[in-house]
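Student: Chain by chain, the residues:
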Amino acid sequence: MQQKHFWRFVIGLALMTMATALGQSEADPPVSDTLAVADTAAISVPAPLPVTNLIARDKPNDRGYGISLSWDLSPDDTGGTQSVLGYRIMRSTTPDGPWDSINVAGSGDALYDHIGPRHEGDSGYFPDHTDMYYRVDVLTADPGVAVSSGVVGPVQSRGQWFNTARTVVFLFMIAFCGLVIWFVTHARRGKDLYVRPLAGIEAVDEAVGRATEMGKPILYLCGLGDAAEVPTIASFTILGRVAKRVAEYQTQIIVPCRDPIVMTVAQEVVKTAYSDAGRPDSYNPDSVFFLTIEQFAYVAGVNGIMLRDKPATNVYMGKFYAESLIFAETGTMAGSIQIAGTDEIPQIPFFFVACDYTLIGEELYAASAYLSREPVLLGSLKAQDYAKAAIIVFAILGFLATNVSALGGPEWLAGFVDLFQVRE
Amino acid sequence: MKRQLPFFLVFVFGAFMAIQYFVPHKTSEAIYEFFIDILPIIGVFALALGIWSLTKVSVDKIRYRRENWQYAIFTLLGLFLMILFGFTDENWGFHWRMSPEVAGEGTDNPNFRLLFNYVMIPIQATMFALLAFFIASASYRAFRARNLLATLLLIAALILMLRFTPFFGDWIGLRLSETATWLMNVPNTAAQRAIVMGVGLGLVATALKVVLGIERDYMGRG
Amino acid sequence: MRRSTLIGGSLVVVFFLAAWLIKGAGASGESPYYSAFLITLAAFLTLAVFSFLYADNPVYKFAEHLFVGVSAAYWMVLGFWQTLVPNLIPRISRALSEQLELEYIDELWNVLYVIPVVLGILLLLRLSRKLGWLSRYAVAFIVGTTAGLNFIAYTRSNFMAQISSTFLPLVGDWTSWAAFVDNLSLSATGPLALLMANIVVVLGVVCGLIYFFFSREHSGTFGMASRLGIWILMITFGASFGYTVMGRISLLVGRMTFLLRDWLGIIAS
Chain A
1 MQQKHFWRFV IGLALMTMAT ALGQSEADPP VSDTLAVADT AAISVPAPLP VTNLIARDKP
61 NDRGYGISLS WDLSPDDTGG TQSVLGYRIM RSTTPDGPWD SINVAGSGDA LYDHIGPRHE
121 GDSGYFPDHT DMYYRVDVLT ADPGVAVSSG VVGPVQSRGQ WFNTARTVVF LFMIAFCGLV
181 IWFVTHARRG KDLYVRPLAG IEAVDEAVGR ATEMGKPILY LCGLGDAAEV PTIASFTILG
241 RVAKRVAEYQ TQIIVPCRDP IVMTVAQEVV KTAYSDAGRP DSYNPDSVFF LTIEQFAYVA
301 GVNGIMLRDK PATNVYMGKF YAESLIFAET GTMAGSIQIA GTDEIPQIPF FFVACDYTLI
361 GEELYAASAY LSREPVLLGS LKAQDYAKAA IIVFAILGFL ATNVSALGGP EWLAGFVDLF
421 QVRE
Chain B
1 MKRQLPFFLV FVFGAFMAIQ YFVPHKTSEA IYEFFIDILP IIGVFALALG IWSLTKVSVD
61 KIRYRRENWQ YAIFTLLGLF LMILFGFTDE NWGFHWRMSP EVAGEGTDNP NFRLLFNYVM
121 IPIQATMFAL LAFFIASASY RAFRARNLLA TLLLIAALIL MLRFTPFFGD WIGLRLSETA
181 TWLMNVPNTA AQRAIVMGVG LGLVATALKV VLGIERDYMG RG
Chain C
1 MRRSTLIGGS LVVVFFLAAW LIKGAGASGE SPYYSAFLIT LAAFLTLAVF SFLYADNPVY
61 KFAEHLFVGV SAAYWMVLGF WQTLVPNLIP RISRALSEQL ELEYIDELWN VLYVIPVVLG
121 ILLLLRLSRK LGWLSRYAVA FIVGTTAGLN FIAYTRSNFM AQISSTFLPL VGDWTSWAAF
181 VDNLSLSATG PLALLMANIV VVLGVVCGLI YFFFSREHSG TFGMASRLGI WILMITFGAS
241 FGYTVMGRIS LLVGRMTFLL RDWLGIIAS
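Residue numbers (our numbering), protein chains in the order written: chain A, 1 to 424; chain B, 1 to 222; chain C, 1 to 269.
What the hints contain is simulated information worked out from the structure, not anything from laboratory work. Quantities reported herein were computed from a predicted structural model and do not represent experimental measurements. Don't take each hint at face value.
Distance condition first, Cα-Cα at most 25 Å in a straight line; then the derived PhoX-like pairs of lysine-lysine [stated by the list, open to error]:
| no. | chain 1 | residue 1 | chain 2 | residue 2 |
| --- | --- | --- | --- | --- |
| 1 | B | 61 | A | 310 |
| 2 | A | 216 | B | 26 |
| 3 | A | 310 | A | 388 |
| 4 | C | 23 | B | 56 |
| 5 | A | 271 | A | 310 |
| 6 | A | 271 | B | 61 |
| 7 | C | 61 | B | 61 |
| 8 | A | 216 | B | 61 |
| 9 | B | 56 | A | 310 |
| 10 | A | 271 | B | 26 |
| 11 | C | 130 | B | 2 |
| 12 | A | 271 | B | 2 |
| 13 | A | 216 | C | 130 |
| 14 | A | 59 | B | 26 |
| 15 | C | 130 | A | 271 |
Counterexamples of contact, computed for chain B against chain A with all Cβ distances above 12 Å [to be verified]:
| no. | residue |
| --- | --- |
| 16 | 25 |
| 17 | 80 |
| 18 | 84 |
| 19 | 181 |
Distance windows between CB atoms, simulated [to be verified]:
| no. | chain 1 | residue 1 | chain 2 | residue 2 | range |
| --- | --- | --- | --- | --- | --- |
| 20 | B | 114 | A | 122 | 38 to 46 Å |
| 21 | B | 67 | C | 220 | 51 to 59 Å |
| 22 | B | 162 | C | 254 | 22 to 30 Å |
| 23 | B | 8 | C | 99 | 37 to 45 Å |
We put the beta carbon where it would ideally sit given N, CA and C, even for glycine.
Just chain A, with the same shape it has in the complex (with noise of 0.2 Å):
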């Protein structure tokens, strides 16, 4: 075996010790500061250079309890006599001592983060705003062998108040917030707003108007989501439009819901929608219900409905999941016509095939500006289309970037490729 070898295989032997030894002994004392040299006669691992160069300052970017440490490698870890096993990372609150060891970084490592826990009484807890300092040691295959390096601090560990490493989210965020609130001024001024035909939606009229001849009700579905999601909102503002339009025409509506809150929100907007429409006496309050919050038992129910009830209109609009295609199956089979809306990428196919029109993904969206008509909203569905012009424009920037630089373009062209990636 080569030397370099031997070395190595004692070296990770007698670090993997040294590990186990620390992680089982915390009531160990504090190792000693005075370790430079110890006795020579009895070491067969010649001592090695100190690191240099250590730094230690407040983590950037957290919420205190945490400092990093970086240092220059000692000449013997890569090079040299290659005979440093790792480094010790030493902590204390006195330039002087007494020194407690806080864990040890491989050979080949120049970073560490020191983290303590967040409530006091915890193991190994540090408060912030107070001085500390460190220091490091080269640990060898002689235990009794480790150089220390110089000890740095005074430092203090803080919390920030913002974190720099999501600036770019924070940009994205206010540009978007900017345009969305530009044209929500804009429109809000009257001016007129272009919105290309959507035929799901238009569809809705129609089947209301169908349902008032039939004489039959409409079923909404809010769809499976909580009353806070995103899409469950986006589906309130169309269940108040359809809502509207039923009241109007005197047609009836059912709602079951599958979680309480959104029964709760959804009284309340068809209870506003009838008001609104000048029918607030027509409102009947057990036309919105819960079920149950059981999915596939939430499912049976409504196929009893559609079944027994015969509606004229089935839509569903908001979250769906594997049940999409049994409700839109047993909607056909109940000769529904029906209208669907998710946002959910695995079942629109499902929609897709078994429901009359389908609002595919955004189109859900945009579907409560559509049916209001109110430039307000119709204002923010101009800010989302800039938004994507935006992210058009970003996508092909960056893909040109990426290709350039990587045919040996200038270096900027890889910091704006950079930019992009999602850092925690």
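Based on these hints, arrange chains B and C on the given structure of chain A.
Tutor: What follows is chains B and C alone, placed relative to chain A:
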């Protein structure tokens, strides 16, 4: 007070939750964790509201002898028995023991487990299995391609469905399987990404409208 | 009740009673008739749900109504014991914790946990005609927090991550023309096949997004791009549909196994 204050609160909570993402500080983190913690607790109170609605609709159905009222008795019976067993242990005490032997099933009351295992599970699994029949009828519907779009859908669906069938010989079989993989890897990736981004814009815009109080229908006006 | 319903119902009852007794007679164990009853009940409910495929009928109506009631209560009970009790009680009351044999830790006590109780009660006030409007405060909290959360979550996952994954390289490490045009089949990983695939992905993303433009007329070049977009969407929906078919059919196998093996004992276990 009845309408404006709730909207103001929506704005405050919404803006806080959006901004906290950029604020790593422990104060922001603690409030965030507290909010996330209490949401499910409020949800349980809401469940009581749901049970009330279900009971009321069922009782009304029986009282006014609406169509199929007899079956509402079974809804009430199931509801009553499950609540009775769910809130009592074997000795009819108000308790829920999470002993290791029954931890998976959740309760010490064997009757609760029986209703779960022999009523809920079989019906639930069978409702789910209905999908097998419905996908067959949906496929039949897809085969009557009504227009160009439906035809494209049908062709892609056929390629995926036939990718493992041995009837076409090795050469066609291999091409089918290759095309299926390509469809899933290439156009599928592109379309999913376009939909996800579009949906994302819709979601973000709607969430923003809710926080800013532009979208107000969910609160009613009564 | 109609006579046909009565006769049909009686026949069903007699059939399952017979099935129960036969199963019980053939079973072994401590209480054979009891376990035979349970299996038969489960089989009855399974067939009751399947019967819906033929037409709506009293047996399905029975199973459906029972299922709705049982499951609504099940989730209520679970919510109470698994969410409310462990997450709330030890934080607000020592006496209640002791009563329910929960571990009570002084440090966990947090007066703020009265807030969800108050909000929960406000939500229940919905049942009152006069105070119903107070439930809006609870709705405001739930909707506000979730909307804020979603706003950020979707900005990250649906834009940043998606945009950056469209930055696809066209050419990897260049070696030679021969290597470049090597292996051109659709499933190939050769450089030219990858290049074509990446071009289709970028084009698909752009055209797909163009299809979702609402405030612009889809005509001319824009209209063509939008049409290409919806074609790609349809191909994807078809692929996703075809991909799911086998998975859905396998769901049936589980129920059939239960009926044929566990209940009827026709197939061996």
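Student: Could you run down the list of hints and mark each one as holding or not?
Tutor: Evaluated hints:
{"no.": "1", "hint": "61/B with 310/A", "result": "holds (18 Å)"}
{"no.": "2", "hint": "216/A with 26/B", "result": "violated (57 Å)"}
{"no.": "3", "hint": "310/A with 388/A", "result": "violated (41 Å)"}
{"no.": "4", "hint": "23/C with 56/B", "result": "violated (40 Å)"}
{"no.": "5", "hint": "271/A with 310/A", "result": "holds (23 Å)"}
{"no.": "6", "hint": "271/A with 61/B", "result": "holds (21 Å)"}
{"no.": "7", "hint": "61/C with 61/B", "result": "holds (14 Å)"}
{"no.": "8", "hint": "216/A with 61/B", "result": "holds (19 Å)"}
{"no.": "9", "hint": "56/B with 310/A", "result": "holds (23 Å)"}
{"no.": "10", "hint": "271/A with 26/B", "result": "violated (43 Å)"}
{"no.": "11", "hint": "130/C with 2/B", "result": "holds (12 Å)"}
{"no.": "12", "hint": "271/A with 2/B", "result": "holds (16 Å)"}
{"no.": "13", "hint": "216/A with 130/C", "result": "violated (33 Å)"}
{"no.": "14", "hint": "59/A with 26/B", "result": "holds (14 Å)"}
{"no.": "15", "hint": "130/C with 271/A", "result": "holds (15 Å)"}
{"no.": "16", "hint": "25", "result": "violated (4 Å)"}
{"no.": "17", "hint": "80", "result": "holds (14 Å)"}
{"no.": "18", "hint": "84", "result": "holds (17 Å)"}
{"no.": "19", "hint": "181", "result": "holds (18 Å)"}
{"no.": "20", "hint": "114/B with 122/A: 38 to 46 Å", "result": "holds (44 Å)"}
{"no.": "21", "hint": "67/B with 220/C: 51 to 59 Å", "result": "holds (56 Å)"}
{"no.": "22", "hint": "162/B with 254/C: 22 to 30 Å", "result": "holds (25 Å)"}
{"no.": "23", "hint": "8/B with 99/C: 37 to 45 Å", "result": "holds (39 Å)"}
Hints 2, 3, 4, 10, 13 and 16 from the earlier list are contradicted by this structure; the remaining hints agree with it.
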